[in-house]
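Novice: Sequence:
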Amino acid sequence: MPEEVDDTTAAEVGHALIRWLTDEDPAGVARFAPGLGPVDDARATRVGHAVVELLQHLDVA
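Residues in the sequence shown are numbered from 1 upward in steps of one, following UniProt numbering.
It should be emphasised that the hints constitute simulated quantities derived from the structure, not laboratory data. We put the CB at the ideal spot given by N, CA and C, even for glycine. Any given hint might turn out to be false.
To be verified - Derived Cβ-Cβ restraints for the label pairs, each shown as a range:
(1) Gln56 - Pro34: 30 to 40 Å
(2) Ala42 - Leu21: 13 to 23 Å
(3) Leu54 - Phe32: 19 to 29 Å
(4) Arg31 - Asp6: 28 to 38 Å
(5) Glu4 - Pro34: 27 to 37 Å
(6) Leu21 - Glu53: 11 to 21 Å
(7) Glu4 - Arg31: 31 to 41 Å
(8) Leu58 - Thr9: 10 to 20 Å
(9) Leu58 - Leu21: 10 to 20 Å
(10) His57 - Thr9: 15 to 25 Å
(11) Glu4 - Gly35: 13 to 23 Å
Start from the sequences and build out the full structure, keeping to the hints where you can.
Specialist: Right, here's the structure in full:
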C-alpha cells in the first residue's frame, strides 16, 4: 500500500466504508446513529485517511 493516499482515493474509501456500515450494517451499529445521512466528501476523506493510516500501523496493508 502506498505511504500516502490522495484525497480522492481517501474519499472513495471513506464513502465505501460508511455506506457499508450504514447499508449492510454487519455489526448492527446503525441503530446508534439513526439520523446518519449522506456524508460529504471532506468527512469521507478524513475517514478514508484515518482507515488507511490505521491499517498501515497495524501492518495489515
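Novice: Hints numbered earlier in the text: which of these fail when held up against the supplied structure?
Specialist: Failing hint: just 11.
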